[in-house]
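Using the sequences plus the hints, can you model the full thing?
6 protein chains.
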Amino acid sequence: MRNNPITPTIDFDKDGIQHGFLRLPYSRDDSAWGAVMIPVTQFKHGDGPTALMTGGNHGDEYEGPIALYNFANRTDIENFQGRVIVIPAMNFPAFQQATRVSPVDKLNLNRIFPGRPDGSLTEVIADYFSRTLVPMADYVLDIHSGGKTLDFVPFAASHILDDKQQQNACEAAAKAFGAPYYLQMLEIDAAGLYDTLVEESGKVFVTTELGGGGTTYPHTVDIARRGVDNFLIHAGILKGEPRLPDTEAINLDMPDFRSFIFSEHAGLVEPCVAMGDIVREGEVIARIHSIERTSSTAPAEYLAPRDGMVICRHVPSLIKIGDCLNVIAEVV
Amino acid sequence: MRNNPITPTIDFDKDGIQHGFLRLPYSRDDSAWGAVMIPVTQFKHGDGPTALMTGGNHGDEYEGPIALYNFANRTDIENFQGRVIVIPAMNFPAFQQATRVSPVDKLNLNRIFPGRPDGSLTEVIADYFSRTLVPMADYVLDIHSGGKTLDFVPFAASHILDDKQQQNACEAAAKAFGAPYYLQMLEIDAAGLYDTLVEESGKVFVTTELGGGGTTYPHTVDIARRGVDNFLIHAGILKGEPRLPDTEAINLDMPDFRSFIFSEHAGLVEPCVAMGDIVREGEVIARIHSIERTSSTAPAEYLAPRDGMVICRHVPSLIKIGDCLNVIAEVV
Amino acid sequence: MRNNPITPTIDFDKDGIQHGFLRLPYSRDDSAWGAVMIPVTQFKHGDGPTALMTGGNHGDEYEGPIALYNFANRTDIENFQGRVIVIPAMNFPAFQQATRVSPVDKLNLNRIFPGRPDGSLTEVIADYFSRTLVPMADYVLDIHSGGKTLDFVPFAASHILDDKQQQNACEAAAKAFGAPYYLQMLEIDAAGLYDTLVEESGKVFVTTELGGGGTTYPHTVDIARRGVDNFLIHAGILKGEPRLPDTEAINLDMPDFRSFIFSEHAGLVEPCVAMGDIVREGEVIARIHSIERTSSTAPAEYLAPRDGMVICRHVPSLIKIGDCLNVIAEVV
Amino acid sequence: MRNNPITPTIDFDKDGIQHGFLRLPYSRDDSAWGAVMIPVTQFKHGDGPTALMTGGNHGDEYEGPIALYNFANRTDIENFQGRVIVIPAMNFPAFQQATRVSPVDKLNLNRIFPGRPDGSLTEVIADYFSRTLVPMADYVLDIHSGGKTLDFVPFAASHILDDKQQQNACEAAAKAFGAPYYLQMLEIDAAGLYDTLVEESGKVFVTTELGGGGTTYPHTVDIARRGVDNFLIHAGILKGEPRLPDTEAINLDMPDFRSFIFSEHAGLVEPCVAMGDIVREGEVIARIHSIERTSSTAPAEYLAPRDGMVICRHVPSLIKIGDCLNVIAEVV
Amino acid sequence: MRNNPITPTIDFDKDGIQHGFLRLPYSRDDSAWGAVMIPVTQFKHGDGPTALMTGGNHGDEYEGPIALYNFANRTDIENFQGRVIVIPAMNFPAFQQATRVSPVDKLNLNRIFPGRPDGSLTEVIADYFSRTLVPMADYVLDIHSGGKTLDFVPFAASHILDDKQQQNACEAAAKAFGAPYYLQMLEIDAAGLYDTLVEESGKVFVTTELGGGGTTYPHTVDIARRGVDNFLIHAGILKGEPRLPDTEAINLDMPDFRSFIFSEHAGLVEPCVAMGDIVREGEVIARIHSIERTSSTAPAEYLAPRDGMVICRHVPSLIKIGDCLNVIAEVV
Amino acid sequence: MRNNPITPTIDFDKDGIQHGFLRLPYSRDDSAWGAVMIPVTQFKHGDGPTALMTGGNHGDEYEGPIALYNFANRTDIENFQGRVIVIPAMNFPAFQQATRVSPVDKLNLNRIFPGRPDGSLTEVIADYFSRTLVPMADYVLDIHSGGKTLDFVPFAASHILDDKQQQNACEAAAKAFGAPYYLQMLEIDAAGLYDTLVEESGKVFVTTELGGGGTTYPHTVDIARRGVDNFLIHAGILKGEPRLPDTEAINLDMPDFRSFIFSEHAGLVEPCVAMGDIVREGEVIARIHSIERTSSTAPAEYLAPRDGMVICRHVPSLIKIGDCLNVIAEVV
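Chains as they are written, first to last, in my numbering: chain C, 689 to 1020; chain G, 689 to 1020; chain Z, 689 to 1020; chain E, 689 to 1020; chain L, 689 to 1020; chain F, 689 to 1020.
Since the hints were made in silico from the structure, they are not lab data.
Where hints are given, some of them may not hold.
Same chains, same names: a pair is fine if it fits in one copy or spans any two.
[Unchecked claim] Restricting the straight-line Cα-Cα distance to at most 25 Å, the calculated cross-link-like pairs of lysine to any residue (SDA-like) are:
1) K794 to S984
2) K1008 to L809
3) K863 to S947
4) K1008 to A988
5) K794 to Y714
6) K1008 to R711
7) K1008 to N761
8) K927 to E969
9) K794 to S808
10) K852 to D703
11) K794 to P713
12) K1008 to A954
13) K1008 to P805
14) K1008 to Y714
15) K1008 to S978
16) K1008 to S715
17) K794 to I979
18) K852 to E1018
These numbers were taken from a predicted model, which means no experiment stands behind them.
Right, here's the structure in full:
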């Protein structure tokens, strides 16, 4: 297989704090010999495991980048024991444009792993993670939020894995992250996920959803910032005491597809339940108004298909046929 | 002055409930003899004043349209005494595209009043309100929210006017609307506002800001829905008892330009204070990280220029130089 | 008033056949000192009146340009007695892009007369016709068709004018054009039309609609080609015998707005009557299917609002709310 | 091979009439968990063969969708004996935008069969037909027209196949469709066609070209509507008598590439022959005028390369180098 | 007249070096309360005249901005006697996008003076110069180059003015600038130019053309950097000795329109003369090849319409009908 | 492997001069049966080798196309001995749009060899060269320049190859081309290059870089025009004497990656060294100014990483992070 064209401007084997770029050549109309320059910072000090921490897998999710740009400001290398590779914005072209998928090739980075070294831009980035960065890591944290069009209650998550020892290690790390909610996920279709690539490489992997709507709040940023520290403390790479939420985390489960409500109408969403509400099957959760005309016709009503907690909502007030309206999870 | 080219498909003099359109001819490449069709509903029953209620002055603000599409579903004409003209989406082309300004001529409807009958699309809409609809009304309610890029604490507002009798009538109507906050505004530059056009016509006028971010929540929708009823009950057009919030409204004031904090940095916003927080002058309200590179350089810090309550925030996590970061109001 | 920035590369006072351009400076990103170059041909021979013949007033109408590019190929200057100015594509930027309105400023040339010398590109073109070309002419022919989105039965038309002598001269010229249909029009809103500008200048003016759909047929091209000759023969500028259709022209009238049927539904048009069909009030003329879903719900039916002949249809099979579906004229 | 991500919202094994969608997840910037929802209706009653009927393989062809949206309105399930799957718009994203190829990935659905389950949107649609829908069918009808840029005389067609029994069955079904013209086609390059996929699966397959120009006429809609019924009656699935044209169908043949005339000039097309005209080799069929300038230079003339009937024309009056100008078929 | 909405973040009356912005509110879809922030620096020290120095009047011209961003780096306030206002990029939105005209309203800043306070973005910028900045100045320097599509030999210029004393002052200042060429211009159509606005205000005004092609060279940057200093030394505001070119400046004249050669062909330009070449009337200066096809037809040849020096060339190798191909000046 | 869909309109086996097209079918929204028509000319006379000469591999490089469109004008077939295939614009869709990469599929033709017959447009073009044109040739010349964003000193080049006999033949041909500079290249990553495809086919191959910036100069055009002749004379196909530059060619070498300087700052480039300058390691070669604000902060300085000659520069004055700023070569 062809070499990946990315070259880092830092030396992963060197001790200390290094700031630089992953340089990915990108020849195009406005720059014959141009490049995508993905920021990267490494902390390396003493012997210890390697953690790889990322945000911006989708370019419109912000708690992760804020926590990681902050983390890169650290100068206290003496508090580290091992190596931490920080990439606040994996899909940097999408992050720069504030878009979910790459503005260049329209690919969703989190559906194309393991990628290809001779593919389009996003595929090349995936390949560099698959064949260069992930193999260097013992612990991998990928911070997601809902993006511009979805909003989640803040949770860290781990997956049900065949290797129960690995599963337990992941679950422990996810709980150590210290979000208000914890979710154990059974992915129905894990093909192409970064999660799957990392887990199949035998790493301790944690993912999150920490809010959404293309914005952040002080409390969701705080969850991300302390979660990053907690994760590294748990991994034994960072010195310090974990900082946990005041109340115990709530455990969630999405056992089947009835958790997902998709709209079959286009129009204006009137939400009838709020995030975190407990609903009963058959309760009205939203009404969708046709915007074409005013009339005496009532809007379409959507009913909860199950009991549970509303953990996700559609953010834009205009919805299209096929969009996810809400997700309802079981509280364990 | 030339006639306005808009023709309504309903008869404003007719009793009963009518649903129809304001038909604005719009010749363009994909329809030589096409039109913009702005939905309108009228309730007319018995003798009484006329109320004109609008949303979608900016196309990405949703509490107003939801309340008004719902209102148009009513069939209880016997509860009305007078006339109510309901236009849920004034700038309908913007509303359809979920944009603040018109996608056709890029104009901000709320800065071009009184408009022109021979101007571009948005100017023609403004002229139809200025010369046809507003003159028909006694009470005018225009429901705003922050749109996709701003978010406000929910308030109704009236302006300081030269005619103190009119000012008192407006203030009473704004308070009757029943939002959690009330703001008395002194507009520094009122040129081009719908508000100014309506007030100069001598009408009782109420405006609002009820949330933002291009989305809504059950509690903000509820403020709008009950506010619409409360406004009409106050005007004596609708029968019923007003439905008010449980706690007394908080009164706000923005006495000078120090209330507005504008960003002089482009980058990733880390919010340090939440909406409704009381801050002290000099307190850090936000940090802005450059996204180009990770480094040990600290982000730019923005400090509160005055004591007060955070009543507005920039929604997108990426900010540009010149964007409004926050607004801090005085609590009266 | 400022001088119009257009300079012709031909000399309107010179005898003979000249081919050139109307040169309109147009500074833009891809050409700092660029220009729009509108093709023009002039035939001048002996003494006689001046005719101005145009097509491409809307850029997606083609019978006129085909007839006039052909006419410009003529080399028989000896058959002329007077002057003929031929501009096959008035709104040349639109014609080049095959669009109805100008791709530069999105203006509909035929709604902005008399134009402005310091306006945007289309306004400058209008001003050049208003202040330079039309004043030079005695006879003016402007050939229209329906464009990409409308289709008409082929007719020549003249307007009802205050000056009955001028009206009769126009009617005679329109009938001399020799189209299968003749329409006498009373424009409800004549503001901004080229027609109005020309007629108010006291010229003999003929307009046409010769087909549409962004295409042509041999028989519609033939109507235009012989119509151009017939018009000039009628004006006494060209030698020869007029070539008329085999059957007598049908006279049409559109006495009021009930002739126009506008769609209040978006969807897929199923036409139920053909162009030239005679319909009775209440007859189904079209059905509009919602495309969002298949269902057992019948499509919306549109009924003829009057008796008459179907003289215009909406061409694209997908229709939007507000589009013109059909026009039904009275046969006189 | 990976599972196709499409899930139908109807149950293909259930009796009765069902309306629903083929739900294809489509994560994108404006909807993280969005979907393409392709309308589908199924009629199932008693024992009998399965017919799969489609339109909108290209998104700008309309006789098929009109006939099939109408067909889906039927409520007379008792007239069916077997199963009919109706998909009026195969390439639904293209159909919604009125484009030939998909607006998402710019792919021509009819050149990429059998598709891929992990490809781009159009490839996934093709795969769902190849591996799920076509295997369920015995009879397959795919209704085409010329689209916005081509126009055909209305014909049904079948291909020359290696399996002569299958070929005869297809020809019989095509003739049973009842269009004014029948064409037996020998595809030179059948790679990627839906036709080829279906025929290689051993199904009875009929295709059509029923008009074009991005519009329809009452008589072409009528051919499609009765053709759909005729096809199902022929298949023994629908009760009733076939409704055939008044005159016998004309048989056509395109024996070699001399039937296709491609333009080597860009400009304005002046058509010299009409659809259905019989032409002789060497006859002028079109003239192409350069639009850049008017001049005494004659336009380029295109001559018929063979005797035959004009069965296809280029619709837009502006043509580019390389566009198909006309097709001339032999009348058998 | 309405107040201009721009507010400076610096105080023009304050001594010392200040860096800031001209803040122009700009409400749009991606920022409801956003702004254009035009960088500005002021040096003020002691008593003396005021100089206003600008670049980026067109956004794709770079010698001026480079010289002025450099100038703003100065910290030697003690060398100043008076006030210098430095705005490296007048049309900042165009400069950011590397376009000649504004990407917002497509206006050419240098054709719309004096502007309007209630116009579109570029008109508001013009108005701020006309009514606020220019009145503060005694000496005004506006540095131009040819932009992406034109290229000039480097010259400073002054205009022929009615006020001969002012004309002499301008000529002296232009010659003091110290470019290799000096041009005395008689503008045929000066309407809308910044030059005209400034000169009519009675100021000493110098303009330049220093290269082009959207790029710079060390020697053209050097002309601009030393020219800025020379200009201020000449004005008595800056201490120091002027730095002049090694050879005496060449004086140029463009007496009439025969100096401008416009293309009447679209295609590929083959330049036959170089910048600075002396040509004779009738000499081949360029050949234009049609790119549509290769053939034995020779390209169109363009001949010099006069004797003189080639002082301007069309940069892009593809040319359009109407583009300026070359300018030929007389050497005085 | 599937047949390539391109069909030439000329016969490569026929003697004489033929002008025609490579016809590549391209079905798209604006032409269902359209095509890309790539101009091609062939000279064939007597027995002799075949030369394939191309330009426009990147669509914004012009010395090659100018030389080859000129070459195609020749009518002196008697001066040829063998066959010359001339394709002035390999990536014709890019050349028409003046873009480096294809406007259709955004592919860089020179990175995707050998291409695919069933791929996207650019891949199909590559495949036609790989499997049809290159196999016909003995000598292959591909003329490049720097394009819109890079600028090179004019050189011809050959590669270091495993087959030393072939290497010597290529070097001799490159030197025979007669450019002012000659470069012997060791490609680090030759995957996907046309060069590699041709060399691996055993042909005598020469490439060039003759300028750049999206424009040409008389002297760079002259290098290309005489180079084409010189190349064919060297190959023994064309009669005549080579025309060489007045001074001996300078030999260049780029031994390692230190030759390439990439920008890590976005902003305005101030070039400090000119093309062809000899620089010393550590010398300032450019300064990059941030454009967001004026300030007393000095711009970023870039230093020469090695001694050598500046042979390449970034053309646009605005630079992005990751763009190539300069190339410094060793003079042998």
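query = What hint numbers does the structure not satisfy?
reply = Of the numbered hints given earlier, those the structure breaks are 1, 8 and 10, listed in rising order.
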